[in-house]
Structure formats: C-alpha cells, structure tokens
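Chemist: Sequence:
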Amino acid sequence: MELSRHAPLTLSSTNALQGRGSTGKRGKPTDEDETRNHRTIGAAQYLFTGDSSSPGTPFFHPDGTHIFQKLTAFIRAQYPDYGFREVLTPTIYKDTLWKQSGHWDNYKDDMFAVTGNTSKKPRKTKAPAEFINGVLQPQKFIHEEPDLDEYALKPMNCPGHCLLYKSKRRSYRDLPIRYAEFSPLHRNETSGALSGLTRVRRFHQDDGHIFCRPSQIQDEVLKSIQFVKMVYKTLHFKKFDLSFFLSTRPNNSFIGTRQDWKMAEDQLMAALDHDNENPENLTSWETRKGDGAFYGPKIDITLRDNNGKEHQTATIQLDFQLPKRFELEYEAPAPELEAQGLMTDDPELLGKMGRVAPVMIHRAVLGSLERFIALLLEHDDGKLPFWLSPRQVVILTITNRFHIVEHAKNAKHKLSNAPAENTSEPRQLDRPRYIVDIDDGSDSIAQKVVRARKNKYNLICVMGESNVKDGNGHGLQNMTLDVEVNRGSQPNMVETWDTIERIRPGSQAPVQEDRGTGPNNGQSVKLTVKQCKTLIESLSEKYL
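Take this note's numbering: the last position of the sequence shown gets the number 552, and nothing is skipped along the way.
Since the hints were derived computationally from the structure, they do not count as laboratory data.
One or more hints might be untrue.
With a straight-line Cα cutoff of 20 angstroms, these simulated PhoX-like cross-link-like pairs (lysine-lysine) come out [claimed, not checked]: (1) K538 / K477; (2) K317 / K246; (3) K417 / K534; (4) K332 / K174; (5) K332 / K270; (6) K477 / K391; (7) K176 / K332; (8) K241 / K550; (9) K422 / K541; (10) K241 / K391.
Please construct the entire structure, taking both the sequences and the accompanying hints into account.
Modeler: Here's what the structure looks like:
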C-alpha cells in the first residue's frame with residue numbers, strides 16, 4: 009500500500025491558522041464555509057496545518073509543498089520570456105536601511121524587530137580550530153563588541169533590490185533591468201486579522217522589480233498586465249473572477265511631491281486604457297482613491313473567495329521615490345530630456361552625457377503564494393488540475409497476485425518517468441517526474457476506486473488479468489489500463505476528454521454527447537500504457 013500519505017487531517021489541527029472566519033465573525037464558520045473554505049479543504053487533503061508555537065505561519069505538508077513548488081516553477085518558467093533574472097537578498101536589515109526607504113516612518117508597526125548581541129560588555133570568544141599542513145594551530149580568541157543596532161525582518165524586497173541596482177554603474181543601454189525573488193517575507197499582522205492562508209505573518213511572493221527609463225514605463229506596465237492575464241488564463245480563472253483597480257495617492261502618509269504622484273497615476277491610467285484598445289484584452293477597471301502605497305500609485309488585481317470577499321493577488325506599482333531616496337542613477341545622453349521620457353535626434357544634445365534617476369516598477373503576478381493557494385483551492389472546490397496536483401495517478405490492481413502487482417509496478421515506473429532503478433547517473437534537470445501511486449492491497453476493486461476518488465486522484469487506472477493479456481506478449485507498453493478521469497478532482501474535464509480523443513480516436517463514443525462529464529462518474533476508457541503516458545505528458549504540457 010502506498011496511500012498512507014493521503015490520510016485525512018482533522019480540522020482541529022488547523023486551529024493556529026483559523027483566525028477569523030470568512031464571515032468576519034469569530035466562532036464556527038457557516039455550512040458553506042465548512043465545505044468550500046480552503047482551511048477545510050487543506051485539512052481534508054492533508055496540505056497544510058498550523059501550530060500555536062508560530063501563529064499565522066503555515067506548515068506545509070509534502071502534498072501542499074508540491075502545489076507551492078509547482079506554482080513557483082510555473083512562474084519561473086515564464087521569466088526568460090519577460091526578461092526577469094532571479095536574485096537573492098538578505099532577510100534582515102538594519103533600521104538605517106528602512107529609514108532611508110521610508111518604511112520606518114510609514115510601516116514600522118507592521119514589521120518584526122530583531123535584536124543582535126545585546127550584551128553590554130565586550131567579550132572574547134574562541135575562534136574555530138585551524139589546521140595548517142595538518143598541524144593544529146594555537147587557539148585564537150575573537151574580540152566581540154556588543155551589537156546595539158536595531159534590525160527588522162523584511163516585509164518586502166524593494167530596498168534590497170535597490171541596493172543590488174546601486175552596486176555597479178549603469179548605462180541607459182542596460183535598462184530595463186528586471187529582478188525577481190521568491191524569498192520569505194514577514195509582516196506583523198495582528199492576531200485578530202490572521203485568517204487561514206489568506207492573512208499570514210510569514211509568506212512568499214513572486215516579487216519583481218523593474219528599473220527602467222521614463223520612456224519605457226508604459227511598455228513595461230503593459231507587459232506586466234499581459235503577464236498577469238496570461239497566468240490567470242492558464243490557471244483557468246475567467247475574466248469575471250478578476251477585478252482591476254487603480255489605487256491613487258493616500259491622503260496623509262505618502263512620500264514625494266503631488267506632481268510626481270499625478271504623473272505616475274497618469275502613466276498607469278494610460279497603460280490600462282492602452283491595454284483595452286485590443287478587444288481581446290478588454291478589462292474594466294475602477295479607481296480607488298487614497299489606496300495607493302506610501303511610495304506610489306498601483307494597479308491592484310483582486311480575486312473573490314467562495315463568500316464573495318475580494319483578496320488582492322497581483323499588483324503593479326509605479327515608484328519615482330525609492331530611486332531618489334537610494335540615489336539610483338544611470339548615464340544617458342541628453343539627460344534633461346531623458347528624465348522627462350523625451351527623445352531627440354539633435355547631435356549636440358546627444359553628445360552631452362549625464363546621470364538620470366531610473367523609474368522603479370514593483371510587480372507581483374500571484375502575489376502571496378499562500379493566499380493564492382487558498383483562493384485556488386476555493387475556486388474549484390479543492391479540485392486541482394493534473395499538472396498542479398500532488399495526486400496525479402493511482403494504479404489499482406484487481407487482485408494482489410504477484411504477477412499483476414509486478415506489472416503494476418512496472419507500469420508505475422514507466423508512467424512516472426522515473427530513471428532506471430539503482431542507477432548511479434544524475435537525473436537531468438529538465439526531465440519531468442509524475443506522481444504515480446499503487447494500491448495493491450487485498451480490498452475489492454470497488455473499495456479501492458471509492459478510496460481513490462476520495463483521495464482526489466486525477467486519473468484512476470485499473471489493472472487486472474485482462475489488461476495484462478491485452479499486451480499479447482508484446483511488452484509493457486502494449487498492456488492496457490482502464491483509465492477513469494475523476495470528476496471529483498480534475499477540473500478541466502472537457503479539455504481532458506478532448507485530449508483523450510486525440511490520443512485514441514473514438515474512445516469517447518459511449519459519452520460523446522457530454523464528453524465524459526455525464527452523471528456516470530465511473531466512465532473509463534481503455535488505453536495502452538504507452539497511450540496513458542502520452543495522456544499524462546499532454547495534460548502536464550497543456551496545464552490541464
């Protein structure tokens with residue numbers, strides 16, 4: 009048996025992540041919440057849990073981690089097409105950095121303070137043992153001064169990315185420079201605001217920052233909007249699931265001049281309007297006055313949860329202030345015109361080089377991955393597409409006879425794309441691996457099918473004597489499997505059955521009218537092991 013890792017988890021073990029229910033009131037959630045709330049789904053599918061030792065910080069089980077890593081890998085795979093390079097920056101910074109960025113004055117209460125060595129007296133500590141030419145050297149002592157600086161865990165990556173930009177001289181030819189980072193962020197949310205995965209204290213964000221010339225702003229914002237739309241379309245969110253908002257200057261806490269803010273807001277508005285010039289991209293948007301970040305206006309994209317509550321996911325923010333605060337520059341001809349986003353052909357003006365401050369664009373596509381996973385689980389009642397699912401395929405044996413079990417194991421090896429057993433060769437980085445489990449116990453096939461459906465496997469494959477005989481002695485690839493597409497776990501049924509039809513024409517004949525989505529959940533199709541492998545690869549490649 010290889011199914012123990014999918015045992016159900018009781019809801020009580022997620023208490024440390026509960027916070028307020030989605031009704032906004034403390035206490036037991038509504039009946040609708042019980043069946044569709046992501047915390048209930050996460051508990052039932054053994055995806056994540058919480059603990060009172062770290063409130064607001066989810067613990068992801070292996071299956072939940074699989075979803076997290078697949079989403080991360082999906083976004084990473086798009087980065088080359090959009091010109092992003094990944095970076096890594098520190099988690100802790102001195103307060104001097106946060107004061108320079110403006111976060112200390114505008115965001116300090118939402119940050120976690122960290123202390124270093126606060127001992128008031130200098131002390132001596134032993135240095136690590138050192139060997140030279142195999143001889144142990146005399147013990148040395150290190151003189152340590154107390155560290156009285158204030159530190160804070162980073163709630164966002166932008167100041168660190170500013171330091172990366174500033175670490176070398178830049179030319180206008182270098183821009184745009186696009187950094188991306190997935191490192192964890194910490195925000196000191198109040199305990200009453202914590203709620204499942206949608207409001208946490210430690211989270212990961214597909215964070216990105218673009219440093220560009222003023223003349224490149226609209227193009228970069230448009231590309232960011234298109235990036236967002238492509239990702240959400242791939243994840244099968246409909247247009248009506250998304251809401252776009254232009255958030256403008258806050259009334260009180262903001263940095264920079266009103267003129268800078270007006271210019272930035274106009275740039276974002278122009279990008280939204282330009283995007284709507286293409287009928288296929290038509291997106292309605294609204295203005296939210298005063299909802300901008302303290303350093304600049306932003307385009308916020310929200311998703312609705314199962315109760316209709318909106319949660320921000322993607323964001324695109326325009327920032328003229330941080331580059332000035334960190335004295336970021338690049339060299340360009342005709343600097344005065346360059347700073348206004350204007351171009352010239354005048355040789356005399358082009359012959360004069362000068363330094364110009366870049367514009368910074370903050371962008372996230374999924375936003376908080378934890379929050380996005382919560383909304384994804386609620387969007388399709390816990391159904392996850394094959395490519396994202398931690399329970400992709402299960403092979404059920406009709407009997408537990410030795411030769412049937414051995415053929416099932418060989419089929420698993422083939423379908424999972426696993427390397428040869430006991431190999432000493434390293435696995436290729438780009439070779440995909442699929443999750444295939446086996447249920448070869450003594451229970452009846454009916455019991456096994458019920459269990460597989462309950463455990464949310466996308467494809468349920470049955471192997472018995474007749475399936476082995478179908479191979480006619482021509483090897484494993486010609487043996488067959490009776491493949492059921494589980495309606496309870498695979499969300500994109502029509503596209504899935506269309507894929508099956510292309511692999512084996514005529515296979516949908518019994519259910520041609522509804523393409524496999526009729527009332528008989530047990531509808532299956534007979535595929536060879538080779539055809540089943542093609543189906544698995546197709547579902548993954550097409551993000552189904």
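Chemist: If a hint holds in the structure, say so; if it doesn't, say that too.
Modeler: Hints, one by one, checked against the model:
no.	hint	result
1	K538 / K477	holds, 15 angstroms
2	K317 / K246	holds, 16 angstroms
3	K417 / K534	holds, 19 angstroms
4	K332 / K174	holds, 12 angstroms
5	K332 / K270	holds, 17 angstroms
6	K477 / K391	violated, 34 angstroms
7	K176 / K332	holds, 16 angstroms
8	K241 / K550	holds, 12 angstroms
9	K422 / K541	holds, 8 angstroms
10	K241 / K391	holds, 17 angstroms
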